[in-house]
Amino acid sequence: MKIFAEIGRFILFIKGMFTRPENFKVYWKEFMHQCSDIGIGSLGIVVIISFFIGAVSAVQTAYQLVSPLIPKSSIAQIVRDTVILEFAPTLVCIVLAGVIGSKIASELGNMRVSEQIDALEIMGINTKAYLVLPKIVAAMLVIPMLVVIATGLGILGGRIAGVGSGILSSDEFDKGLMQNFVPYNVFFALAKAYTFSFIISSIPAYFGFYVEGGALEIGRSSTRSVVVSCILILFADYLLSALLL
Amino acid sequence: MIEVKNLKKGFGDKIVINDVSAVLHDGKCNLIIGSSGSGKTVLMKCLIGLFKPDSGEILYNGKPFSTMTNEEKKFIRQEIGMLFQGAALFDSLTVEQNIMFPLDMFTKGSYRTKRKRVDEVLNRVALEKANKKFPAEISGGMKKRVGIARAIVLNPKYLFCDEPNSGLDPQTSLVIDKLIQELTVEYDITTVVNTHDMNSVMEVGDHIIYMDNGLKEWEGNNKEIIFSKNEKLNAFIFASEFLKDAKDMRMLEVAGKIDNDRDMNELMNNPDASPFIENK
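Chains as they are written, first to last, in our numbering: chain A, 1 to 245; chain B, 1001 to 1280.
No wet-lab data here; the hints were simulated from the structure. Keep in mind that the hints are not guaranteed to be accurate.
[To be verified] No farther apart than 20 Å at their CA atoms in a straight line, the calculated lysine to aspartate or glutamate pairs in the EDC-like style are these:
| no. | chain 1 | residue 1 | chain 2 | residue 2 |
| --- | --- | --- | --- | --- |
| 1 | B | LYS1045 | A | GLU30 |
| 2 | B | LYS1045 | A | GLU115 |
| 3 | B | LYS1108 | A | GLU30 |
| 4 | A | LYS15 | B | ASP1026 |
| 5 | B | LYS1157 | A | ASP118 |
| 6 | B | LYS1073 | A | ASP118 |
| 7 | B | LYS1114 | B | GLU1079 |
| 8 | B | LYS1074 | A | GLU115 |
| 9 | B | LYS1074 | A | GLU121 |
| 10 | A | LYS29 | B | ASP1091 |
| 11 | B | LYS1073 | B | GLU1003 |
| 12 | B | LYS1008 | B | GLU1057 |
| 13 | B | LYS1063 | B | GLU1003 |
| 14 | A | LYS29 | B | ASP1104 |
| 15 | B | LYS1223 | B | GLU1072 |
| 16 | B | LYS1132 | B | GLU1079 |
| 17 | B | LYS1005 | B | ASP1026 |
| 18 | B | LYS1157 | B | ASP1188 |
| 19 | A | LYS103 | B | ASP1091 |
| 20 | B | LYS1028 | B | ASP1188 |
| 21 | B | LYS1052 | A | GLU115 |
| 22 | B | LYS1052 | A | GLU121 |
| 23 | B | LYS1133 | B | GLU1120 |
Using the sequences and the accompanying hints, generate a full structural model.
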């Protein structure tokens, strides 16, 4: 029963964000701040992870394709499709759930515990709209961009690793990259990115917003929010794959 | 005027506020006092709308808060300034940005006008040199003063202070008490202070409500409080070392040795002349 109560409270929490802003300029400033915080703040880890994921997938694919009947260019095809379909959106978003999610949950949790949220409410500000909505909108704008960057870097990582370790030539890789490209896969990856970015931003915001207690509870809610976000990302991943592929 | 009528509030089985009725006087420093766990913070949170009462009413200028539309509540809240126990300053903003925040949110003036108002209130709380500092870089007393400055920047009608002296040394506490008292008169605001600091009670208590175990036990002012016949209140106030002399005077009054304000004033100015102390 508790889970239904939590779901109900989460829906009301999301519904509570949609009111007319007290001052659009202040909200816009907060939105831009969040875009920079989420986007620029996570760019470094996204670059490193996606590059190495591409590199590892190229090397491991080559290791498994032992038959001389399979052309080497198919390594590039497999790297491209796995990076687009799974690695870039899912793996990057799971990492971002840890990076961005824990930050959002602890920031809001600290604001709740130190009565900063109460102070905003006393001023007559809709705290859900001012503190949470800009974070969700910023995440939904910036995270798909990060996924696109991760896709490009993943493929680049695969190319550098494949060519650099002598598995295949750059021409073979480029040829494989162009073969049987399905543009729908990019749409699917972006659909996943938008869904995951909503999960990454809203779940930690919910857990942080309703923290009760002190520093210990902030830590607990931050951990819980990351765990729940990761589970929901994997569940949504399966659901979207079953529905859209 | 804020009026509380038969207010009840509980959490689970525990009743925290039990049928409290009171009137908070306009333009005065109203104090809610009581020991820890007496329900004063919950009462204040009900007053400002952070907690919804289980029953009873809170009336702002005769209008029940519970029946107000969201817009009306928003309007009332913009007339409220609040100083929180820990000051509740926004960590990511400087002192100046903290104070400017309500102005940015609710006023349409130019940056220059807002900046002028921020400087005014910073001057008023004697913090003109701290405007570029972050909350983490200033002391507890300064944080409280910034909290007060933020609370008064929109010229509120009501100022609520939750334990303004907690965590402060006696000297800084006096500065904060004095500031609250002066601002109440200067801005003609209705101030509600939640405290268990007896120094504050004697300094600023124009109107005092004593709470014990969720009940309103006594109501009066700082001149009447030491003559109260309420046993619980006496136990609460005379637990303070500061009021030992007052206790002596109270006993003198009970013994019929002093019987008017003039005697009392003389005694307060010259405690050595106390016949009670001589008898000791």
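Checked hints:
no. : hint                  : result
1   : B:LYS1045 x A:GLU30   : 28 Å, violated
2   : B:LYS1045 x A:GLU115  : 12 Å, holds
3   : B:LYS1108 x A:GLU30   : 18 Å, holds
4   : A:LYS15 x B:ASP1026   : 38 Å, violated
5   : B:LYS1157 x A:ASP118  : 19 Å, holds
6   : B:LYS1073 x A:ASP118  : 15 Å, holds
7   : B:LYS1114 x B:GLU1079 : 18 Å, holds
8   : B:LYS1074 x A:GLU115  : 19 Å, holds
9   : B:LYS1074 x A:GLU121  : 9 Å, holds
10  : A:LYS29 x B:ASP1091   : 17 Å, holds
11  : B:LYS1073 x B:GLU1003 : 16 Å, holds
12  : B:LYS1008 x B:GLU1057 : 9 Å, holds
13  : B:LYS1063 x B:GLU1003 : 9 Å, holds
14  : A:LYS29 x B:ASP1104   : 11 Å, holds
15  : B:LYS1223 x B:GLU1072 : 37 Å, violated
16  : B:LYS1132 x B:GLU1079 : 27 Å, violated
17  : B:LYS1005 x B:ASP1026 : 17 Å, holds
18  : B:LYS1157 x B:ASP1188 : 8 Å, holds
19  : A:LYS103 x B:ASP1091  : 15 Å, holds
20  : B:LYS1028 x B:ASP1188 : 8 Å, holds
21  : B:LYS1052 x A:GLU115  : 17 Å, holds
22  : B:LYS1052 x A:GLU121  : 14 Å, holds
23  : B:LYS1133 x B:GLU1120 : 17 Å, holds
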